[in-house]
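Engineer: Each chain, letter by letter, is given below.
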Amino acid sequence: MMHSSDLKDINLEQALFNARILALLILILGLVVLLAWRMFELQVAQHSHYTTLSRHNSLRLRPLPPTRGLIYARQGELIADNRPTFRLELVPAEVDNLANTLQRLSHILTLSDDEIARFQKQRSRSLPTAAVPLKLNLSEAEVARFHLEKRHFPGVRLSTANTRVYPAGAALAHVLGYVGRINEQDLQRIVAANYQGTTHIGKTGIERYYETQLHGITGVARDEVDAQGRRIRTLEQQAPRMGRSLVLSIDLELQRLARSLLSEQSGAIVAMDPRNGEILALVSAPDFDPNLFVGGISYKAYAKLRDNPERPLFNRVLQGQYPPGSTIKPLTGLAGLEAQTIDFHQKMFAAGYYQIPNDARKYRDWRAGGHGWIDMDAAIAQSSDVYFYDLAYQLGIDTLSPFYARFGLGRKTGVDLPGEARGLIPSRGWKRGRYKQPWFPGDTLITGIGQGYMLATPLQLAKMTSCIAMRGRCPLPTLRKHPHPDAEPAQTQTPTITLKDPAHWDDIITAMEHVMQAPNGTAHASGADAAYRIAGKTGTSQVFGLKEGQKYDADTLPRKLRDHALFIGFAPVEAPRIAVAVVVEHGGHGSSAAAPKARQLMDAWLQRPLSAQHPDNDVQP
Amino acid sequence: MPGYNARYPRNTLTTMYSPDQDYAPSRLKALLWRLRLDPILVAGLLALLVLSSLILFSASDQNNAVVLRQITRFAFAFTVMFAIARLGTHTLYLWTPTLYVLSLLLLLAVLVFGASGKGAQRWLDLGLIRFQPSELMKLAMPMMMAFFFAERRMPPSMRDIAMAFALVLIPTFLIYKQPDLGTALLVASSGLVVIFLAGLRWRTLLLIVATFAASAPVLWHFMHDYQRRRILTFIKPESDPLGAGYHILQSKIALGSGGFYGRGWLQGTQSQLNFLPEQTTDFIFSVYGEEFGLLGVLTLFSVYLLLVLRGFYIAWNAQDSYGRLLAASISMTFFIYFFVNVGMVSGLLPVVGVPLPLISYGGSSMVTLMAGFGILMAIQSERRLLTK
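If you're matching them up, the sequences are chains Y and L in order.
Residues 1 to 621 in my numbering are what the first sequence lists, from first letter to last.
Residues 622 to 1009 in my numbering are what the second sequence lists, from first letter to last.
These are calculated hints, taken from the structure and not from any lab test.
Please note that the accuracy of each hint is not assured.
What the hints assert, rightly or not - Capping the alpha-carbon separation at 25 Å, the derived lysine to aspartate or glutamate pairs in DMTMM-like fashion look like this:
(1) Y:K121 x L:D801
(2) Y:K436 x Y:D416
(3) Y:K150 x Y:E115
(4) Y:K304 x Y:D289
(5) L:K798 x Y:D186
(6) Y:K121 x L:D682
(7) Y:K362 x Y:D375
(8) Y:K150 x Y:D223
(9) L:K798 x Y:E184
(10) Y:K300 x Y:D398
(11) Y:K150 x Y:D113
(12) Y:K500 x Y:D377
(13) Y:K121 x L:E899
(14) Y:K300 x Y:D289
(15) Y:K412 x Y:D443
With the rest of the complex left out, here is chain L (with noise of 0.2 Å):
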């Protein structure tokens, strides 16, 4: 990949004007720096940390066990981003296809291997780990979009968009056949952020949504019922009132019953009378509103949208087109998760099985996530690096 570092002239932009120089680091801060870490980031990471671990021990029925695991699986994730965060950008740059490729073949040989399986298959049985292709796709997708866009002019031309969307499109339909809907739309999505942030005109946008709105009538035509009956239960839960709608209406109470300061620690009725569905992992906010209460909520979201705010603003600064569209896919891409799984549980948007980032129970997309992180942490130490 020659001339990648010839070809931008950054030190004319970068000289001029480095933030991080005008206070003085404390030695923490500087450890940090020279890990690589960034240490608004690490910030917020661990207050998540913090928050996941006292509600998982009151969901999980102060279950230690559990809340030890989910500590572990954050340790364990805390070293991948760390390893990543001092990758560097160069070497995720020129990664970046063989990667995309890579977790292509692999969401491929899911639904090769899964056929002759037992209905969803969405795992790869690697003997020692068992590894999900649709995570490493999560990391790919906005990488090969920046990839792709950073060597092109912007506004880019109607041929670029359209060669963009179909590397966005085929992982999002190989993740829909497994079927795995929710983590389709979301590895959509962060591609479809980086095709808006390359600068596609706001025209194009509106005749892309017209046509997704006009097609949809025909796509409910070549639907079984089944198919249908599973969507009209996603735009109207009170057609399940066994399944989703009951869910909504005990989240609703949940996070009602909480009030300004929250019912305290332990003493949720709702959560710790099982009336909450998954309560550990998709429903893990109704519990944390019902006992923190309105503060809490608005606590919580400080902390996540400091930790949004943090990665624009290393999207902003960032060196050079890759590390901007892949620092600004990444943040609007956590934003998301956090936007749907809070929008879910408070009955704003239709039920999908989207989990709260970092705070629910479970283990791969905390790898991804905090992958995401390590990224967004090589972005930012490459400038640091160079204005230096």
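Extracted from the complex, chain Y is given alone in its bound form (with noise of 0.2 Å):
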């Protein structure tokens, strides 16, 4: 038996129902009546006041863009400008028959299908009575002929803007990024309204991440009209506050060094001071004008760009992600003296081949006959694979994995620019979901000396570095210069790696010295000869990997499947002022095409008075 209550009662439901209609019936009544009072009180009770207004409907607002905030480099040099240039504009609302209009103006100046396209779109989304740019940059050949003929074009008229300049040109690139025009997809970043006099958006670099704060706000003119829309007089204006600039962290003198370093190869560098993080240098190459991007690139420019096997407008330095090779061996180096795996003076035998127990595989060492007995501190300065196949193999995925991750790697670093890669660190869990394939202990052995799955950006081991030479205080990347050359907070900060024996970092830092300075050192060539001690890693990422008993010569292979050489380091020793990271695609050797690169960044940095690295030059906008 159902009990009664789980029975509809059809008619308490209906009653209940009528009651409910009944309630709505009032509420759409008293709502009709209070739009139908409304609109009595406007047209009846009201209606010669608005009738005033609207024979008087002479206001009309004209947003005011606000300027845009500079951009500065370290020593003051202007790196981001604004110059005032011609640009042709229309007000809608003035124009007769648009499409005539644009017709007679394309017979005295050019206006490309692009131009009228991107015209006709911002149109659509201001104001009718808002000016609304049709051509940009005009030539002054071009001013002439439209002052000749301006009387001819009501609703058109020449303006002057400012359009963003970058003087140094493709040196800066990947650091400033451009400007562009507006397209949909920004308008969906953006507050609509403070955009309305605005052309421009920062697309990609520090101008996009400072979108925000380099754009300004918008400020409004209300203009008297006259019947034919024709402005008459400005009665009062809000003015537009201009964009804060910015001094960012970037040695344009080391930066434009570090460029022509790498004018031949495709590569990435970057120099940071270990301390803060500021970025003193970050170049990719090859590079690009950012001015072409300004005015509106052509097609076919841009098709030129993008399709270059080179790939100018990626930035290496974010974005590209490389086995991190042998500049990872300090930190499985630093793991197995944390886990107590192993003795920093414990020696081993190194031979020319590495194999697991009960496993027929041969792991090689890059070099045929070995290396003999070394410690770590000798198997850091020669770079033997063999003796980091056995610490890794010892040690563990398990371990290896969070110590690498606790230097960053795997994770985007937080620099203050838009697009970073992540970088991978192989595990077991990651391995399952990638490839639905179980762990092999030979993944271990080449994950141990950074090659295989894992990789890493240039940025990346950048502060890879500078955690090492800070013993642990990792500094956060940025390209802003500190306001304070005195205060350095990554110094001051509590560090954000502890190792369980803070004297582990003496040993790997002694044997990252070895590398530069003892006679069989990879990097003894660059290291040697300087005058303060530096503390580095080179590196050698595989692009293609060889079968077992094949031998790797760089002369007779295409270019492309050349090894990527690859420097860590940072001096001085006692006191780090900077840290680079040099990844030279295709270099072959890290010692050879990367150490020497790294080595004349530190001469010039480092032979520089300290008062020229930290100028107290702060831009008061």
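Since each chain comes alone in its own frame, lean on the hints to assemble the complex.
Structural biologist: Below, the structure is given as structure tokens:
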């Protein structure tokens, strides 16, 4: 038997429903009366007031775009400037026949389909009385021709507007990025009202990351206009507020030097102050001229950049993910010391290859004959693979992966640039998810020497190097110059990485110093004659895997398959002021292709007096 | 779906009373009835079409093509309405859950595929036709809610109310994420109306309103800066002098200068000199008010009121809970459309992008609205067929 209350009571329901319908009807009638009353108020009670307003509807609002904030380099050089240029604007409400006007205009100056399409798009989202830009950056000849004809074009006028200019050109393309015309995608991330008079927006780089600060706040002018809509006078105006100016940490001289070091090659160089994360130089080669994008790059020029196999638009420092190769060995060593698996001075015999117990496969060392009896110091200095195969095997991937992660690998560094890549630290879980395969001990070996699945961006390597230089006090990389040169936050803050025995930092740094100074250190050629103490590590990252027993011969390989050359390092060892990561794509050996570049940068930076490294040139916008 | 027809002893109620047999039908009316078209609704809709054509011609700078396109759309939408009116409520009832789930999946599809596209994506490109799943949800939502409560005891238990809220809030959230706040609010209200009609206790209603009011500061805390700014503009248009504030002032000048008789067709200076924004869509009522005055405005109000009241009449007399709830929800949503648009352009409500139903230029919402009227007619003819 069903309980009686489970049954639907039709009559009760209908009564309830009808009561609710009545409630809604009362609400509806009330709201209609409200609307009718409102219309009576507007159309009868205040009719004469609004009629007057309508007759004198001469008030028009005109957006006043703000001046974009300027950008300075470390020593105060202006690297993003605004220059006044002529542009042609059109007020749709003042033009009788738009199509005809555009047609006639195209006789006196060139109007591309692209420009017309942009104009139409912007027109559709602005007030009919607002001036919409039609053509930017008019040449002097075009300005002159329009002047002669302008009485035939009511509603069309010339105006001056600021155009962004990057005086340093391609040298800073990957740092500053560029501004470009606002498109539909951009509209999703801005408050459209604040961009009413603005034509350009930061598309990449610093220009994009700091868009909100750089843009400023749009002002409004209240204009009185005549019956044809022509402006008679401006009644009042709320001035625009200029965007904030920025001072970057980039040292233009060092940046130019770094760029020249990569002039013939593709690759990345990043130099950082390890104490506070200020990036001194950030170069991704090849690069491009950001000024091309400001005026609207032609499709042909863009296609050329996009289809260039060397990918000049690609920011290798942030987005290039490379196997770190032997540059990871100091971390693997540190992991061994931390886990007390091995002692710094404990020696092992490093032969020409390594075998996992009960496994026939041979894991080769880069030096055919091996390194003989070596301890960790020598293993890092000479970059023994076999030593680190053994250490990685003993530690296991479950110890190694989390240890690498502590140095910021495998996640974004948090630098103030958009589009940073994550890199990758492989682990059991990752491989199962990605390849549906278990983790093999062999995977651990090649991870321990930075090959295989592992990936890091040059910026991550620079950050990792800074972590070592500062003995665990990892800085947050930034492109903005710290306002107070004395404040060195990374130095005073508590370490982000603490080792059980802090002496292990000194062990690893000593070994890295031996890379540069010891007679058989891999970067001996670049480090032995330095006037200050350098710690570094070379690396070579494989572009393709050699089969067992195959020999790598750089001369017979096509360039695209040659190894990437890497180097990380910092100096001076006792009080680090610069940390560098260099990647030279298909450069061959880290010792010959990458380390000398880092040395040149360090020389240039450290030979400068301290006051020149930290100029007190704060720009107050 | 067994027992839908068997469960309701509807004959006991309906054989006693049938108003439509009281007056002698004219030939035209007889034809309309045979086609299952409700004469009063058809008359009201045609009146709106005439007014829409007149005012669109004026607002579009006397562009014949715009008017022609609007009439073509109306013809298409009318066909859709006609087809739905012939379906019968039983068919609608049976298809309701399918339609709701389908709409939900399409909304998800828009979000998933929209993520790779640029910015706000509301459209699903099906090759030949582009189609907006949120429009489908405008129909599916009241249908699903009516379906949900039709089989349940009313007033509903707390558990049923909680489930009903979930049914309303999931699609609302998906539409809000597109992002399309206006449509999300309309879809939500069409569902909430059904919960109210199903007998949600006043006490519970108050509690829910109070909870929402209380959670507002928490939401505010978690919002981005630009989101906050958008909401401030929404509440206080003067804070955005280049956008909403200017639009509302110009709209009020247009309405106010219309006076009692209006300035005459094609004579409104506010609209003809392009002071009004979006004057063929969201702000078309301002053009209408300027040119036709309070007299025209009250006429228009009467046509809307006629349609809404007829909808409620159909709900009142519907044969079963499903028809009752559905008819009332569709009518109420139509009214909300109207009220929000007129309230917005006359400066009573904040600016939300809601067009004036069946008058504003635009296609997709017209089809949905007319389909809604088709459902009303289906419910109405069900009753007529049974009472014969």
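Engineer: Output the numbers, in ascending order, of every earlier hint that fails for this structure.
Structural biologist: Hints 2 and 10 contradicted; others consistent.
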